[in-house]
Every structure is written in C-alpha cells, then in structure tokens.
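Numbering (our numbering), first residue to last: 49 to 235.
Since the hints were derived computationally from the structure, they do not count as laboratory data. Glycine included, every Cβ here is placed at the ideal spot set by N, Cα and C. Check each hint, because a few of them may be wrong.
Label pairs and their in silico Cβ distance ranges [unchecked claim]: (1) Gly141 <-> Arg183: 19 to 29 Å; (2) Pro122 <-> Ala81: 35 to 45 Å; (3) Pro147 <-> Ser198: 33 to 43 Å; (4) Thr54 <-> Pro150: 36 to 46 Å; (5) Pro150 <-> Pro186: 20 to 30 Å; (6) Ser198 <-> Ala106: 14 to 24 Å; (7) Arg227 <-> Pro147: 35 to 45 Å; (8) Pro122 <-> Gly68: 35 to 45 Å; (9) Thr209 <-> Pro53: 15 to 25 Å; (10) Pro203 <-> Ala132: 30 to 40 Å; (11) Asp228 <-> His148: 41 to 51 Å; (12) Asp182 <-> Asp156: 15 to 25 Å; (13) Arg121 <-> Ala199: 35 to 45 Å.
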Amino acid sequence: MQAAPTKASLRVWAKARRAGLPDVSPLLTAHLAAWLRSRNIRRVLAYRAFGGEPSVDALASGFELFTTRARWRPAPHLTLHPWASATQRGKLGILEPPPHAPQVPHQDIEAVLVPGLAFDVYGVRLGYGGGFYDRLLPALRVPLIGVTGSALLLPELPGETHDVRMHFIATEQGVQPARDKSSAGMP
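With these hints in hand, go ahead and build the complete structure from the sequences.
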C-alpha cells in the first residue's frame, strides 16, 4: 500500500508542473470578469501573481481591486490595501503595498480571489505553507474563489480542519462551484 502524498511533496510537484504550463491568464480573467459581473460584484480582494500563478491584473480595468500585504508581527497575517498601492517587493518576493499604505476594512470586500499551488474539486487549497490565507479568510463572509490553471485542479488534496475551503474554482475553462464532499458520498 502506497502512502498518500504529503503536502510538502505535493508542493514540489505543483511548482514543477506549473513551470511547464502555458499562461492561461487571459482566458481565466475573462471567465472571472463575466462571473463577477453576473453577481454584481465590484469590490474584489485579488492577489499579485508570482511564481507562475495566473495573473488577475487585467480585472483592474473593470473592478475595484484590493491586494494584501504580508505582516510578520505579532504573528504572520495579511492586511488589505488598495490595488494601486502595491509598489514594492515584500519579503516573499510578491509585489505589495509599503508598510504604511492605507488599509481597507474587511467589510469593503465583496469576493476574494485566492491564489494557490493547486486546488481540488472540493475547494481544498494547497498553499505555500505559511497559513496567511487560512488566518485571513475566516473573517471574510464573501465568495471565496480559488484561481488556478485546470492542470492544477485535482480530484482530491489532503485537507486539515483549519484549511479554509473555496466556494468556487476559476480556471481557463470557467468558474465552477466547489463540490460538496458530503453529498458526493465521501467520508
């Protein structure tokens, strides 16, 4: 019997897999824009792509986007800021706002676009292991949309109780609701 892959081994696999994939950003953002408009969502917490993640920058022309800044004290967490304020590279190499950029309250956000190394059809996200999004997302009572290329949308990933599941998954093929494990007859 072969052991299930660990999150660490899946991260290595996903990074290598993503490095060989074509850029799906234009198709993916077109689907996202249509989906957001169909729900009258205008104010979106997005992310600044790095390491081969699909870019969602094109959405800035039709939506009010916000971005995050990684903070390290008192514990690692993310703060929310206007999109245009992201002008410098942070500790993780991601374009982010400077330390004293104006913050945006959580209640201003209508949906969240969440990056990840991979996702599964149930909305489980394989992140980078820092827990930043797992700390932020429970405070946001809005649609959570995992953003990935379809090649990194897997049948199932290992999940833990603290992992926040996405409500929807966006790929270059469209935006689909995450499946419900309980209704799929899964344990």
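Hint check:
1. Gly141 <-> Arg183: 19 to 29 Å: The hinted range 19 to 29 Å holds for Gly141 and Arg183, with Cβ atoms some 20 Å apart.
2. Pro122 <-> Ala81: 35 to 45 Å: Holds, since Pro122 and Ala81 (Cβ atoms, about 37 Å apart) stay within the stated range.
3. Pro147 <-> Ser198: 33 to 43 Å: holds (37 Å)
4. Thr54 <-> Pro150: 36 to 46 Å: holds (40 Å)
5. Pro150 <-> Pro186: 20 to 30 Å: holds (24 Å)
6. Ser198 <-> Ala106: 14 to 24 Å: holds (19 Å)
7. Arg227 <-> Pro147: 35 to 45 Å: holds (40 Å)
8. Pro122 <-> Gly68: 35 to 45 Å: Holds - the Cβ-Cβ distance for Pro122 and Gly68, about 40 Å, lies within 35 to 45 Å.
9. Thr209 <-> Pro53: 15 to 25 Å: holds (19 Å)
10. Pro203 <-> Ala132: 30 to 40 Å: Taking Cβ atoms as reference, Pro203 and Ala132 lie about 39 Å apart, which means the hint holds.
11. Asp228 <-> His148: 41 to 51 Å: holds (43 Å)
12. Asp182 <-> Asp156: 15 to 25 Å: Hint holds: Cβ distance 21 Å, inside 15 to 25 Å.
13. Arg121 <-> Ala199: 35 to 45 Å: holds (37 Å)
In this structure, every one of the numbered hints holds.
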